[in-house]
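Q: Use these hints to put chain B onto chain A, whose structure you have.
Protein chains: 2
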Amino acid sequence: MINYEEYFADRVKPMKGSAIREMFKRMADPEIISLAGGNPASELFPADELSKIAGKILMTSPTVALQYGTTDGYPKMKDCAIARAKEAGAYNEGDGVLIMTGANQGIDLTAKAIINKGDKIIVESPSFIGSLNAFRTYECELVGVDVEADGMDISKLEEALKANPDAKLLYTIPTFQNPTGTTMSLKKRKKVLELASEYDLLIMEDNPYGDLRFAGADLPTLKSLDTEGRVVYCGSFSKILSPGMRLGYVIGPPKLLEKVEMLKQVNDVHTPMLTQMMCVQFMKKYDINKYIAKNRKLYKEKCDTMISAMEEYFPKGKVEWTVPEGGIFLWCTCPTITDVSVVVNKALEKKVAIVPGSNFAIDQSLPSNKFRLNFSSASKSDITEAIKRLGEVLTEIL
Amino acid sequence: MINYEEYFADRVKPMKGSAIREMFKRMADPEIISLAGGNPASELFPADELSKIAGKILMTSPTVALQYGTTDGYPKMKDCAIARAKEAGAYNEGDGVLIMTGANQGIDLTAKAIINKGDKIIVESPSFIGSLNAFRTYECELVGVDVEADGMDISKLEEALKANPDAKLLYTIPTFQNPTGTTMSLKKRKKVLELASEYDLLIMEDNPYGDLRFAGADLPTLKSLDTEGRVVYCGSFSKILSPGMRLGYVIGPPKLLEKVEMLKQVNDVHTPMLTQMMCVQFMKKYDINKYIAKNRKLYKEKCDTMISAMEEYFPKGKVEWTVPEGGIFLWCTCPTITDVSVVVNKALEKKVAIVPGSNFAIDQSLPSNKFRLNFSSASKSDITEAIKRLGEVLTEIL
Chain A
1 MINYEEYFAD RVKPMKGSAI REMFKRMADP EIISLAGGNP ASELFPADEL
51 SKIAGKILMT SPTVALQYGT TDGYPKMKDC AIARAKEAGA YNEGDGVLIM
101 TGANQGIDLT AKAIINKGDK IIVESPSFIG SLNAFRTYEC ELVGVDVEAD
151 GMDISKLEEA LKANPDAKLL YTIPTFQNPT GTTMSLKKRK KVLELASEYD
201 LLIMEDNPYG DLRFAGADLP TLKSLDTEGR VVYCGSFSKI LSPGMRLGYV
251 IGPPKLLEKV EMLKQVNDVH TPMLTQMMCV QFMKKYDINK YIAKNRKLYK
301 EKCDTMISAM EEYFPKGKVE WTVPEGGIFL WCTCPTITDV SVVVNKALEK
351 KVAIVPGSNF AIDQSLPSNK FRLNFSSASK SDITEAIKRL GEVLTEIL
Chain B
1 MINYEEYFAD RVKPMKGSAI REMFKRMADP EIISLAGGNP ASELFPADEL
51 SKIAGKILMT SPTVALQYGT TDGYPKMKDC AIARAKEAGA YNEGDGVLIM
101 TGANQGIDLT AKAIINKGDK IIVESPSFIG SLNAFRTYEC ELVGVDVEAD
151 GMDISKLEEA LKANPDAKLL YTIPTFQNPT GTTMSLKKRK KVLELASEYD
201 LLIMEDNPYG DLRFAGADLP TLKSLDTEGR VVYCGSFSKI LSPGMRLGYV
251 IGPPKLLEKV EMLKQVNDVH TPMLTQMMCV QFMKKYDINK YIAKNRKLYK
301 EKCDTMISAM EEYFPKGKVE WTVPEGGIFL WCTCPTITDV SVVVNKALEK
351 KVAIVPGSNF AIDQSLPSNK FRLNFSSASK SDITEAIKRL GEVLTEIL
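Taken in sequence, the protein lines are chains A and B. Going by our numbering, the residue at position 161 of the first sequence is 161; the numbering climbs one at a time, nothing skipped. Going by our numbering, the residue at position 269 of the second sequence is 269; the numbering climbs one at a time, nothing skipped.
Mixed in with the good hints, there may be bad ones.
Any copy will do: because identical chains look the same in the list, a pair fits if it lies in one copy or spans two.
[Said to hold, decoys possible] Listed next, the in silico EDC-like pairs over lysine to aspartate or glutamate satisfying Cα-Cα at most 20 Å (straight line): (1) 117 to 228; (2) 120 to 5; (3) 56 to 43; (4) 388 to 349; (5) 255 to 385; (6) 13 to 139; (7) 191 to 159; (8) 284 to 48; (9) 16 to 153; (10) 117 to 166; (11) 380 to 153; (12) 380 to 228.
None of these hints come from the bench; they were simulated from the model. Keep in mind that this is a model prediction, so the values were computed, not measured.
If we strip away everything but chain A, and leave its shape as in the complex, we get:
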């Protein structure tokens, strides 16, 4: 038999499977409480509504639902995506829209349309591994800029741009960032746009969690503040309807989207029709904002539950954490140690899954004294129990 490794493209040779994925395999054990993934709360999924909707679509419009569709998206689904983007203030007159099979596809294919080998891409450090790994497949150089409690460290961003004046793209999750849970302040949003203009950067604004605010006041998207057409906006239905349906979208200048559409045409041709039509019917028949409000309320309760438990069970003064105003994650730092792996492994022995900070780093080989916690997925009682066990591990190690 031939050795396939000899045939691999350079771009995939350094790729490693996500450690989160590896952890998921170990998590087949049903006793494990997972604070590791990014799953929304499944207890709120509108299953009855979607069941009726799916059945009816296939009875009344079988040909549309089962035949090939267009690459840019089912027209009514494009309207739904635009409606959500308008709600977020992320749709400008003249923008185009493409429906994607999840926002990650939008990020991947937009990157494919922009990034040449060797290009420098500014990213938050830490950041979402799915996007970082997508960028890595185009053999670019990731330049990390630290994230503070109010978003990117602007002086470090300026340093990074001075050192890399030819950087092409800046990728940011400004609101309820993955993994830190932090939100970029308005002042920083404006400064990022100014710097993008000064250094001629494109901006990819990834906003899967923006609808999930449960404290503080909404902030304008970078897209809405952009007067030069520098921002491409990636939106998602994963956190406000269902991730298993894989529905996302990209909003941006038609000239760019034309290229992204061609890349989607040779990728999955189009997003499955039934799931697009289900989303359209759900938004037509029900008030999706009411459904989102239910999620927000639950996530606030779960986040409060997690933080209360952390205050009770984590060793005093040994762990710092972010206090998110929305989204599904918070971020913990253990300043007295350099490598959190032992905590992660001992927690798993106690049947609690968390993700070490190294996963979200630009250089994943470096140790990290941070870890991410997800509060949307587990039940409140499981959250308390998991934090209690994690507190025992931290008390033992720190």
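A: Same frame as chain A, now just chain B:
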């Protein structure tokens, strides 16, 4: 506003939208009879069955259907894909399987795992534009080998390999090829594998139409004849269940599939769960081979209808065509002219859509005296009417 063209990656700069797509836009006119697309017959879609199945899945397993799934595929769907691959003789002991959002995604991401910039890829000439365009995005050099009535011209393949001994990959649709409708003989299949071994080539075998044989005897897949693990097999549910559901799969060596899986993880993360679960339930509750047999019978009737009409209405001795033993396409040549564009445009004036051969060429800028006809999509009466009108155009021009 900034000029986005300055930011495009090299790989997308030369990309043009598919002429088929452009034609589809003009085809919004409902009076047009389309022989242009690759749509399966929608009149046979098992809509009632799928309606009940979808409704029930969302009632009984809402969390699985609506929550995140695994990148490699819903486990029972992987079993279904393996079952289909075994039916085609395309699954060997030790092979891995990945569920893809349509087979085109499997082709795209497998290419992404293999092709470096400048690599030489052997392809049939003409070939499926979706695959050719996917390969082009990895900035490879396509080396075309003419297709004869019994598949690739082997002496031209040998010439191509002598001229390009470092070619890395050979892409073929051996059965009911798109666009020619031809099938590679057993002798040629064996010879292709021998040459692949001699020149150390990987083979990507694309087999979306293999189940749709309506004449002649089945031939073994290249995958089943492969003793060295050189063949990656791409299968599809688009032509045997529904293209709108976007379900395909890749079968091959686990080491390669591990990389393809990582590329899928950063692309659409996973294929939507509901459509995977619907396919599983359909195959569990119903005999998919019976459903395929109904399609085969209808496609034979439609193909016969088309060929009878061509014999009646096409100008005698001026047009040659392939006679397929299955699939959904046949391929016409007009030996007395060099460029078929005028035929295509005049046909469109008479509200008949066909695709010129240049679309499927390695060098799309060259004129072609060929065109592709699809016989699966239009009704039998529309096929006869469209061929009659096309005959009028051909009689006028040839």
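Q: Are the CA atoms of residue 284 and residue 48 at most 20 Å apart within a copy, between copies, both, or neither?
A: within (15 Å within a copy, 23 Å between copies)
Q: Give the relationship of residue 13 and residue 139 under a CA distance limit of 20 Å: within one copy only, between copies only, both, or neither.
A: For residue 13 and residue 139, the Cα distance is within 20 Å both inside one copy (11 Å) and across copies (18 Å).
Q: At most 20 Å between C-alpha atoms: does residue 117 with residue 166 qualify within a copy, between copies, both, or neither?
A: within (13 Å within a copy, 23 Å between copies)
Q: Classify it for me, residue 255 with residue 385: is the Cα-Cα distance of at most 20 Å met within a copy, between copies, both or neither?
A: Neither, since 51 Å and 39 Å both go past 20 Å.
Q: When no copy is specified for residue 56 and residue 43, does a C-alpha distance of 20 Å or less occur within a copy, between copies, both, or neither?
A: Between copies only: 18 Å across, 24 Å inside.
Q: Quick one: residue 191 to residue 159, C-alpha cut-off 20 Å, is that within a copy, between copies, both, or neither?
A: within (14 Å within a copy, 60 Å between copies)
Q: State whether the alpha carbon distance between residue 388 and residue 349 is at most 20 Å within one copy, between copies, both, or neither.
A: within (14 Å within a copy, 73 Å between copies)
Q: Please sort residue 120 with residue 5 into within, between, both or neither, judging by C-alpha distance up to 20 Å.
A: between (28 Å within a copy, 18 Å between copies)
Q: For residue 380 and residue 228, with the copy left unspecified, which applies at a CA distance of at most 20 Å: within, between, both, or neither?
A: Neither: 45 Å inside a chain and 53 Å across chains, both beyond 20 Å.
Q: Please sort residue 380 with residue 153 into within, between, both or neither, judging by C-alpha distance up to 20 Å.
A: Classified as neither; 33 Å inside a copy, 66 Å across copies.
Q: At most 20 Å between CA atoms: does that hold for residue 117 and residue 228 within a copy, between copies, both, or neither?
A: Result: close neither inside a copy nor across copies, 26 Å intra and 33 Å inter.
Q: Checking an output row: residue 16 and residue 153, CA cutoff 20 Å. Within, between, both or neither?
A: For residue 16 and residue 153, neither the intra-copy (29 Å) nor the inter-copy (40 Å) Cα distance is at most 20 Å.
In terms of the numbered hints stated before, the structure departs from hints 1, 5, 9, 11, 12, listed from lowest to highest.
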